[in-house]
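S.K.: Sequence:
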Amino acid sequence: MTEREECPSCPRCRAGICKIHRPVVGRREIAVFGVSGILLLSGILVNYLTPYPLAGTALLLAAAAISGYDVLRAGFFALIRLRFSIAVLITIAAAGAFLTGNPAEGATVLYLYAVAEFMEEYAAGRAERSIASLLDIAPQTARVRRDDGEVTVPVDDVGVGETVIARPGDTIPLDGVVAAGGSSVDQAAITGESVPVAKEVGDGVYAGTRNVDGYLEVRVTKPERESTIARVAALVAEAQAHTSPTEAFIERFSRYYTPAVILGAALLVVVPPLAFGVPFLEAFYRALVLLVIACPCALAISTPVSMVSGITTAAHNGVLIKGRDSLEAVGLARVVVFDKTGTLTAGRLEVDNVIGFGIPEAEVLAVAVSLESRSGHPIAEAIRRRAEEEGAVLQDVEEFVSIAGRGVRGQIGGAAYVLGNVALFADGDTPAWRADYDRLESEGKTVVLAGTASGVLGLIALSDVVKKDAKKTVAALRARGIRTVMLTGDNERVGGAVARRIGIDECHAGLLPEDKVTMVERLMDRYGLVVMVGDGVNDAPALARANVGVAMGAIGSDVAIEAADIVVMEDDISRVAYLVALSEKTVSVVRQNVIAALVVKLGIAGLAVLGLVTLWMAVAFGDMGLSLAVIANALRIGRPDSGS
Numbered sequence: 000m001t002e003r004e005e006c007p008s009c010p011r012c013r014a015g016i017c018k019i020h021r022p023v024v025g026r027r028e029i030a031v032f033g034v035s036g037i038l039l040l041s042g043i044l045v046n047y048l049t050p051y052p053l054a055g056t057a058l059l060l061a062a063a064a065i066s067g068y069d070v071l072r073a074g075f076f077a078l079i080r081l082r083f084s085i086a087v088l089i090t091i092a093a094a095g096a097f098l099t100g101n102p103a104e105g106a107t108v109l110y111l112y113a114v115a116e117f118m119e120e121y122a123a124g125r126a127e128r129s130i131a132s133l134l135d136i137a138p139q140t141a142r143v144r145r146d147d148g149e150v151t152v153p154v155d156d157v158g159v160g161e162t163v164i165a166r167p168g169d170t171i172p173l174d175g176v177v178a179a180g181g182s183s184v185d186q187a188a189i190t191g192e193s194v195p196v197a198k199e200v201g202d203g204v205y206a207g208t209r210n211v212d213g214y215l216e217v218r219v220t221k222p223e224r225e226s227t228i229a230r231v232a233a234l235v236a237e238a239q240a241h242t243s244p245t246e247a248f249i250e251r252f253s254r255y256y257t258p259a260v261i262l263g264a265a266l267l268v269v270v271p272p273l274a275f276g277v278p279f280l281e282a283f284y285r286a287l288v289l290l291v292i293a294c295p296c297a298l299a300i301s302t303p304v305s306m307v308s309g310i311t312t313a314a315h316n317g318v319l320i321k322g323r324d325s326l327e328a329v330g331l332a333r334v335v336v337f338d339k340t341g342t343l344t345a346g347r348l349e350v351d352n353v354i355g356f357g358i359p360e361a362e363v364l365a366v367a368v369s370l371e372s373r374s375g376h377p378i379a380e381a382i383r384r385r386a387e388e389e390g391a392v393l394q395d396v397e398e399f400v401s402i403a404g405r406g407v408r409g410q411i412g413g414a415a416y417v418l419g420n421v422a423l424f425a426d427g428d429t430p431a432w433r434a435d436y437d438r439l440e441s442e443g444k445t446v447v448l449a450g451t452a453s454g455v456l457g458l459i460a461l462s463d464v465v466k467k468d469a470k471k472t473v474a475a476l477r478a479r480g481i482r483t484v485m486l487t488g489d490n491e492r493v494g495g496a497v498a499r500r501i502g503i504d505e506c507h508a509g510l511l512p513e514d515k516v517t518m519v520e521r522l523m524d525r526y527g528l529v530v531m532v533g534d535g536v537n538d539a540p541a542l543a544r545a546n547v548g549v550a551m552g553a554i555g556s557d558v559a560i561e562a563a564d565i566v567v568m569e570d571d572i573s574r575v576a577y578l579v580a581l582s583e584k585t586v587s588v589v590r591q592n593v594i595a596a597l598v599v600k601l602g603i604a605g606l607a608v609l610g611l612v613t614l615w616m617a618v619a620f621g622d623m624g625l626s627l628a629v630i631a632n633a634l635r636i637g638r639p640d641s642g643s
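Residue numbering for the sequence shown follows numbering that gives the first Met the number 0, starting at 0 and increasing by one per position.
Since the hints were derived computationally from the structure, they do not count as laboratory data.
Source: prediction; values computed, not measured.
In this text, a Cβ means the ideal position worked out from N, Cα and C, and glycines have one as well.
Check each hint, because a few of them may be wrong.
[Stated by the list, open to error] Label-pair restraints from in silico Cβ distances: (1) 28 with 225: 34 to 44 angstroms; (2) 504 with 345: 16 to 26 angstroms; (3) 28 with 148: 46 to 56 angstroms; (4) 397 with 474: 49 to 59 angstroms; (5) 597 with 153: 46 to 56 angstroms; (6) 225 with 594: 39 to 49 angstroms.
[Stated by the list, open to error] Dumping the calculated SDA-like pairs for lysine to any residue here, alpha-carbon to alpha-carbon at most 25 angstroms: (7) 467 with 421; (8) 221 with 201; (9) 470 with 445; (10) 584 with 474; (11) 584 with 479; (12) 471 with 499; (13) 471 with 496; (14) 467 with 453; (15) 471 with 492; (16) 584 with 248; (17) 467 with 445; (18) 471 with 505; (19) 470 with 570; (20) 471 with 507; (21) 470 with 460; (22) 467 with 195; (23) 470 with 442; (24) 221 with 169; (25) 471 with 341; (26) 221 with 202; (27) 467 with 384; (28) 471 with 431; (29) 471 with 526; (30) 221 with 178; (31) 467 with 508; (32) 221 with 153.
Turn these sequences into a full structure, and let the hints guide you.
M.R.: Structure below.
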């Protein structure tokens with residue numbers, strides 16, 4: 000099988016990234032660098048230390064032909080077609096060096112350039128192999144229950160609906176639902192979670208996650224090629240096709256850059272001899288050095304290597320970024336907009352306060368849960384959960400009546416009770432409960448009253464649960480100078496209270512889905528780039544309208560994975576702060592690389608015009624050395640502390 004052929008049993012091939020399924024360093028590269036390096040060193044020694052310069056030149060010519068075969072061939076055909084590529088610059092420079100009696104420098108130029116090209120390919124391959132490693136974490140075989148027995152088969156032979164077995168320490172081979180057993184599952188490979196998650200019958204599990212300590216039987220819900228991990232790897236690979244604005248600018252710049260350099264080198268050959276009396280051969284040599292130093296290799300790779308490193312690092316930490324443009328936009332945005340319900344809050348009411356007036360709080364809770372026992376309203380569910388925790392006794396209710404928009408009424412132990420909003424109760428001059436009611440409402444809580452026809456017996460205050468890391472995440476964003484905005488369909492009082500509790504800078508309440516789109520557009524007009532974070536339910540239109548839409552907790556959600564620009568695989572709000580930090584770091588590295596490439600090249604170019612730089616120095620420091628520095632700087636994005 001050649002390195003371009005696909006291997007049916009390789010998960011990388013099935014994900015469409017088989018082009019990287021080959022050794023990091025092939026035999027051809029080893030042979031080329033080994034043989035040409037020996038010839039180059041021998042040629043230099045013979046040329047300068049023996050009385051046989053022609054023999055040294057022959058060795059150097061052989062070294063140049065072997066190490067520079069690919070670039071010389073590409074440069075020759077590009078020159079014939081009048082396409083002035085980087086290969087053309089190197090070919091002209093190397094040929095000129097040999098023709099002007101500098102064979103050692105000509106051979107060194109080609110050899111060092113070949114090394115630089117290899118390092119660029121290695122850096123790109125390293126990032127792509129990081130994508131492939133997402134697939135490699137999933138096993139290639141699975142233990143399947145068939146015919147009342149257990150057989151081991153390749154994962155692509157397992158059908159939807161079959162049952163696979165995962166024992167303690169096993170990696171789950173396919174996406175599915177727990178059909179039997181229970182365990183803790185380490186999902187860090189997909190979601191970035193540091194703590195294993197408890198899984199019971201009916202819970203979803205994903206390929207590539209590790210069964211920690213229990214026995215699981217998993218009913219397969221997706222074939223191997225459609226598993227969450229396979230689709231994430233494929234989407235990350237596709238993300239490399241989305242160029243960022245910085246990359247697009249550099250590409251446009253390069254189209255005019257190379258012809259301009261050749262024109263500048265031509266002028267350097269003509270003007271100094273005519274205007275300043277510089278010897279022609281010396282001027283010609285300086286022009287060759289200028290051609291080499293002007294090669295935009297480091298500039299061209301400064302952005303894509305950094306972006307791919309950032310994208311793959313995020314994928315390994317549970318954040319799927321589907322385009323380099325999205326990664327750059329997050330790093331440049333100064334405003335992050337959050338939808339409230341399901342994003343900053345859990346979207347689940349909880350009882351915060353129970354207050355009794357003349358009766359114990361337990362009795363207030365018992366009356367409330369008894370009346371709500373027949374209701375499926377979220378408030379009723381929250382009261383039932385609190386009653387179970389407190390051990391409240393459920394009492395029989397007779398003559399139960401639901402009062403639309405107000406509450407419920409029923410007989411308990413022969414007495415009539417009501418539970419609901421303030422409209423159910425007569426409001427005297429200054430009821431005893433009014434102060435507590437107003438205080439709880441000012442805190443953004445939903446308050447229900449329990450009582451009889453004669454008056455209110457108690458209050459129950461409920462609120463949407465704020466996610467545990469929401470306040471910490473908002474504080475981390477604020478520390479980076481990012482303004483936070485919250486959008487919600489709740490009323491101003493509730494929305495404002497939640498915003499104050501979390502530390503949100505700006506809150507807009509009472510919004511319908513279409514109003515959220517309008518508000519995002521206003522924020523874009525006011526602040527520029529806007530990142531919108533939501534759960535993709537009623538905020539989907541706003542997510543689509545923002546410059547970057549971030550969907551929370553989308554693991555297993557095909558629609559969210561396809562539609563959002565960025566997907567946080569687990570419902571972990573702290574991943575938003577991680578995303579912003581990683582994006583800012585990536586953008587910073589891109590800027591460092593671009594500035595370093597321009598400064599170094601312009602500086603050495605100036606020295607070349609003055610004749611203070613040789614050809615081999617231009618390649619070693621201005622091309623190969625600079626490329627290695629740019630690559631090393633980009634790859635540090637992938638370190639474990641990235642995004643911190």
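S.K.: Holds or violated: 34 to 44 angstroms for the Cβ distance of residue 28 and residue 225?
M.R.: Between residue 28 and residue 225, where Cβ atoms are some 36 angstroms apart, the hint holds.
S.K.: Hint check: residue 471 vs residue 507, CA-CA at most 25 angstroms. Holds or violated?
M.R.: With Cα atoms ~21 angstroms apart, residue 471 and residue 507 stay inside 25 angstroms; holds.
S.K.: Does residue 460 sit within 25 angstroms of residue 470, going by the straight-line distance between their CA atoms?
M.R.: Between residue 470 and residue 460 the Cα gap is close to 22 angstroms, so the pair holds against 25 angstroms.
S.K.: Could one say that the CB atoms of residue 597 and residue 153 fall in the range 46 to 56 angstroms?
M.R.: holds (51 angstroms)
S.K.: Given the proposed pairing of residue 471 with residue 431, does the C-alpha separation stay at or below 25 angstroms?
M.R.: violated (38 angstroms)
S.K.: Holds or violated: are the alpha carbons of residue 471 and residue 505 at most 25 angstroms from each other?
M.R.: holds (17 angstroms)
S.K.: Straight-line Cα separation of residue 221 and residue 202 no greater than 25 angstroms?
M.R.: Holds - the C-alpha atoms of residue 202 and residue 221 are around 15 angstroms apart, at most 25 angstroms.
S.K.: Against the range 46 to 56 angstroms, how does the distance between the Cβ atoms of residue 28 and residue 148 compare: consistent or not?
M.R.: Once the Cβ atoms are compared, 49 angstroms apart, the range 46 to 56 angstroms for residue 148 and residue 28 holds.
S.K.: Is the hinted pair residue 471 and residue 526 satisfied, with a Cα-Cα distance of at most 25 angstroms?
M.R.: Holds, at about 23 angstroms.
S.K.: Between residue 471 and residue 341, does the CA-CA distance stay at or below 25 angstroms?
M.R.: holds (17 angstroms)
S.K.: Take the C-alpha atoms of residue 221 and residue 169, compute the straight-line distance between them, and say whether it is at most 25 angstroms.
M.R.: Distance of about 19 angstroms is within 25 angstroms: holds.
S.K.: Just to be careful, I want the Cα atoms of residue 467 and residue 445 compared with a cutoff of 25 angstroms; is the pair within it?
M.R.: OK: residue 467 and residue 445 at ~20 angstroms, within 25 angstroms.
Violation of the numbered hints given earlier is confined to hints 7, 14 and 28; the remaining hints are satisfied by the structure.
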